[in-house]
Amino acid sequence: MVAENIIELTDLTKRYGSFTAVNQLNLAIGTGEIFGLLGPNGAGKSTTILMILGLTEPSSGSVKVCGYNPSSQPLEVKSRAGYLPEDVGFYLNRTGLDNLVFTGRLNMLSEKKAEEKAKELLVRVGLENEVDKKTGKYSRGMLQRLGLADVLIKQPEIIILDEPTLGIDPRGVREFLKLIVELSREEGITVLFSSHDLHQVQQVCDRVGLFVGGKLLAEGDIQSLSKKLFSNSPYTIELEVSAGTRSDSDNPGNGISIEQVNKMLGNLEGVLAVNKINERFQIECSHDITSAIARKVIESGAGLEYLTRKEYGLNDIYYRYFEGGEGHE
Amino acid sequence: MIFTIAILREVKVMNNLNNNNGSVSGNREQKKKFAVFPSTKAKRIRKDERILHPFRVMLRKEISDHVRSWRFIILVSIVALTCFGSLYTALTNIGTAVKPGNPEGSFFFLRLFTISDGTMPSYFVFISFLGPLLGISLGFDAINSDQNRGILSRILSQPIHRDYLLNAKFLAALIVIGLMFFVLGFLVIGFGLITIGIPPTAEEFMRIVSFIILSIIYVAFWLNLSILFSVQFRQPATSALSGIAVWLFFSVFYGMIVTLITRPLAPSELASQQQIIGYEGLRLTLMRFMPNELFSEATTTLLMPSVRSLGPLTMEQLYGTIPGPLPLGQSLLIVWPQVTGLLAATILCFVISYVSFMRREIRSR
Numbered sequence: 019m020v021a022e023n024i025i026e027l028t029d030l031t032k033r034y035g036s037f038t039a040v041n042q043l044n045l046a047i048g049t050g051e052i053f054g055l056l057g058p059n060g061a062g063k064s065t066t067i068l069m070i071l072g073l074t075e076p077s078s079g080s081v082k083v084c085g086y087n088p089s090s091q092p093l094e095v096k097s098r099a100g101y102l103p104e105d106v107g108f109y110l111n112r113t114g115l116d117n118l119v120f121t122g123r124l125n126m127l128s129e130k131k132a133e134e135k136a137k138e139l140l141v142r143v144g145l146e147n148e149v150d151k152k153t154g155k156y157s158r159g160m161l162q163r164l165g166l167a168d169v170l171i172k173q174p175e176i177i178i179l180d181e182p183t184l185g186i187d188p189r190g191v192r193e194f195l196k197l198i199v200e201l202s203r204e205e206g207i208t209v210l211f212s213s214h215d216l217h218q219v220q221q222v223c224d225r226v227g228l229f230v231g232g233k234l235l236a237e238g239d240i241q242s243l244s245k246k247l248f249s250n251s252p253y254t255i256e257l258e259v260s261a262g263t264r265s266d267s268d269n270p271g272n273g274i275s276i277e278q279v280n281k282m283l284g285n286l287e288g289v290l291a292v293n294k295i296n297e298r299f300q301i302e303c304s305h306d307i308t309s310a311i312a313r314k315v316i317e318s319g320a321g322l323e324y325l326t327r328k329e330y331g332l333n334d335i336y337y338r339y340f341e342g343g344e345g346h347e
Numbered sequence: 036m037i038f039t040i041a042i043l044r045e046v047k048v049m050n051n052l053n054n055n056n057g058s059v060s061g062n063r064e065q066k067k068k069f070a071v072f073p074s075t076k077a078k079r080i081r082k083d084e085r086i087l088h089p090f091r092v093m094l095r096k097e098i099s100d101h102v103r104s105w106r107f108i109i110l111v112s113i114v115a116l117t118c119f120g121s122l123y124t125a126l127t128n129i130g131t132a133v134k135p136g137n138p139e140g141s142f143f144f145l146r147l148f149t150i151s152d153g154t155m156p157s158y159f160v161f162i163s164f165l166g167p168l169l170g171i172s173l174g175f176d177a178i179n180s181d182q183n184r185g186i187l188s189r190i191l192s193q194p195i196h197r198d199y200l201l202n203a204k205f206l207a208a209l210i211v212i213g214l215m216f217f218v219l220g221f222l223v224i225g226f227g228l229i230t231i232g233i234p235p236t237a238e239e240f241m242r243i244v245s246f247i248i249l250s251i252i253y254v255a256f257w258l259n260l261s262i263l264f265s266v267q268f269r270q271p272a273t274s275a276l277s278g279i280a281v282w283l284f285f286s287v288f289y290g291m292i293v294t295l296i297t298r299p300l301a302p303s304e305l306a307s308q309q310q311i312i313g314y315e316g317l318r319l320t321l322m323r324f325m326p327n328e329l330f331s332e333a334t335t336t337l338l339m340p341s342v343r344s345l346g347p348l349t350m351e352q353l354y355g356t357i358p359g360p361l362p363l364g365q366s367l368l369i370v371w372p373q374v375t376g377l378l379a380a381t382i383l384c385f386v387i388s389y390v391s392f393m394r395r396e397i398r399s400r
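Line by line, the protein sequences give chains A and B. All residue numbers for the first sequence refer to this note's numbering, where the first residue is 19 and numbers rise by one. All residue numbers for the second sequence refer to this note's numbering, where the first residue is 36 and numbers rise by one.
Treat the hints with care, since some could be wrong.
No farther apart than 16 Å at their CA atoms in a straight line, the calculated lysine to aspartate or glutamate pairs in the EDC-like style are these [stated by the list, open to error]: (1) Lys135/A x Asp116/A; (2) Lys131/A x Asp83/B; (3) Lys294/A x Glu323/A; (4) Lys196/A x Asp150/A; (5) Lys131/A x Glu84/B; (6) Lys135/A x Asp83/B; (7) Lys135/A x Glu84/B; (8) Lys137/A x Asp116/A; (9) Lys82/A x Glu94/A; (10) Lys152/A x Asp100/B; (11) Lys294/A x Glu256/A; (12) Lys314/A x Glu258/A; (13) Lys130/A x Asp83/B; (14) Lys96/B x Asp116/A; (15) Lys82/A x Glu26/A; (16) Lys328/A x Glu258/A; (17) Lys82/B x Glu133/A; (18) Lys137/A x Asp150/A; (19) Lys152/A x Asp116/A; (20) Lys96/B x Glu129/A; (21) Lys130/A x Glu84/B; (22) Lys82/B x Glu323/A.
Please keep in mind that the hints were generated in silico from the structure rather than gathered at the bench. Predicted model only: the values in this text are computed from it and were never measured.
Full structure from sequences and hints, please.
This is how it looks when you write it as structure tokens:
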């Protein structure tokens, strides 16, 4: 068994007719890592996950999970990897406990053992009060937590979560993500987490892979991603100015055009471009000139309403990449 | 190659059926097993501590799903009602139905299954009519409803082989149907025994058992057909409708189509015997593509021992025969092609659904 990389994808390709869902994907995920697959809908995240689990066969390339090939050794892979599908479903006329016990017994646990384990896990995911309730009466968030318990009952080495937070309220999402991080840290479980929501991925993932149009555009932790991406214009400064005195500042930015801002800044060294987005100006600079900009604005007599150096979040990475991605196609 | 593998699996499945039938019917079987193996006797394992094979876990779950479902309760009540209705007409008419000197007089008990006074069809006609409905309704949502509920991808990511699911669905429905048919058949025997007071002979009993097994095979065909549709179509409504469409096609339209095809070919009354036989042969061959026809031919032969051929017989063949019942072995020999045909159709449906299910991509919802 490969000790370091628990999941290895090599030149993985999946075609549906003439459409290529996943294109020449190379990816390695290390043991104990929380890896985020980030991409818009239809980027090939789910298809990649299905190939990892052997639920669909790759057109070419290879998948290795714990050193096993999911197409030819499905049982080895499936007994090590727990999968929580997007929009998971349960037998609605059975209780949550029954559903878990059934999964446990499919994983070669005895009835008694499965029941003990199921009860323990139901407490862990916070469903101890719904044990004997039929899953048909569960809410969306409860179903998702039951899904997590269902994944854990087989004591997996890898958990694969496909859009697990879809349709849960923000508080539920926070708890759910916290649970995942706890599990991964405490028990050393590798987590593969697919989402189109940047903030969630940012909150929990050690490393992120950006998926667009079936290709992995970039991977790495969030800092290194932003460095890689914004190398040509590394700083963006956001500026909001109002014309004249404070008295009309309740209508900020009104009447100020890009030309005026350009004039204000004069030929300040390091300014690469100025864009107006939602009454605020985005100034792209080659180095940090925040204080110089502030001085210029105040010198010009306009009201300085807002000035900040933007930290690159995943959001920006996301939009930057998707815009770029479409441009390249 | 794939076909042989699948057929081998079918055989395996059948073996499993035998094993599982035992375990489902009660714990007595289990206890017996423990008594046989001395190693387990020493350290008796409690029931809830045993590790069952995942396939058996799935099978148990499917069976309990069937038994608990409203659908099954409704079906059982319909079948039970018709069963007792036809039993009632049979019992009220049995006095007039058996005439002295009739070669079937000795098979008094079998008449319970075949008598009708015209107001109500007999038991075996009912089964040939309701069997398809039973099979279709137990199988039409086997795979697609699991998929639509988002269960399929969750279950198939458990460490089980993909065919376990298909086999468990099929076997569970088959076991449930089989048990039901045996129970109903034996109930009819019991009621008959109480009412008319004449016990069935061993041969009659064997004929009834073969009839029940045949009905199970017949329902298994429809069950497999509807499981095939449930693999192919995403919507349970579509697969139910396709199953019913096939059933209606065979029970209503197919006969008409065969008549339409064969009528222009019908030989005149003056045609030679050869021609008439050839024509009848063609008509029967066409009719035998119909599973209902195969079933009714086979049941008729089994339940009416005086039936000695299912095709046309010439006068020369009949010359010198003594009108008498056939022994069970001979009757079975006559229906063997029909049974084989039904089994082949069942296996064909199973193989198609198997092949398409094994290679398919399992998406959630």
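Comparing the hints with the structure gives:
no. : hint                : in the structure
1   : Lys135/A x Asp116/A : holds (12 Å)
2   : Lys131/A x Asp83/B  : holds (8 Å)
3   : Lys294/A x Glu323/A : holds (15 Å)
4   : Lys196/A x Asp150/A : violated (25 Å)
5   : Lys131/A x Glu84/B  : holds (7 Å)
6   : Lys135/A x Asp83/B  : holds (14 Å)
7   : Lys135/A x Glu84/B  : holds (13 Å)
8   : Lys137/A x Asp116/A : holds (10 Å)
9   : Lys82/A x Glu94/A   : holds (11 Å)
10  : Lys152/A x Asp100/B : holds (14 Å)
11  : Lys294/A x Glu256/A : holds (10 Å)
12  : Lys314/A x Glu258/A : holds (13 Å)
13  : Lys130/A x Asp83/B  : holds (5 Å)
14  : Lys96/B x Asp116/A  : holds (10 Å)
15  : Lys82/A x Glu26/A   : holds (5 Å)
16  : Lys328/A x Glu258/A : holds (13 Å)
17  : Lys82/B x Glu133/A  : holds (13 Å)
18  : Lys137/A x Asp150/A : holds (11 Å)
19  : Lys152/A x Asp116/A : holds (9 Å)
20  : Lys96/B x Glu129/A  : holds (13 Å)
21  : Lys130/A x Glu84/B  : holds (6 Å)
22  : Lys82/B x Glu323/A  : violated (75 Å)
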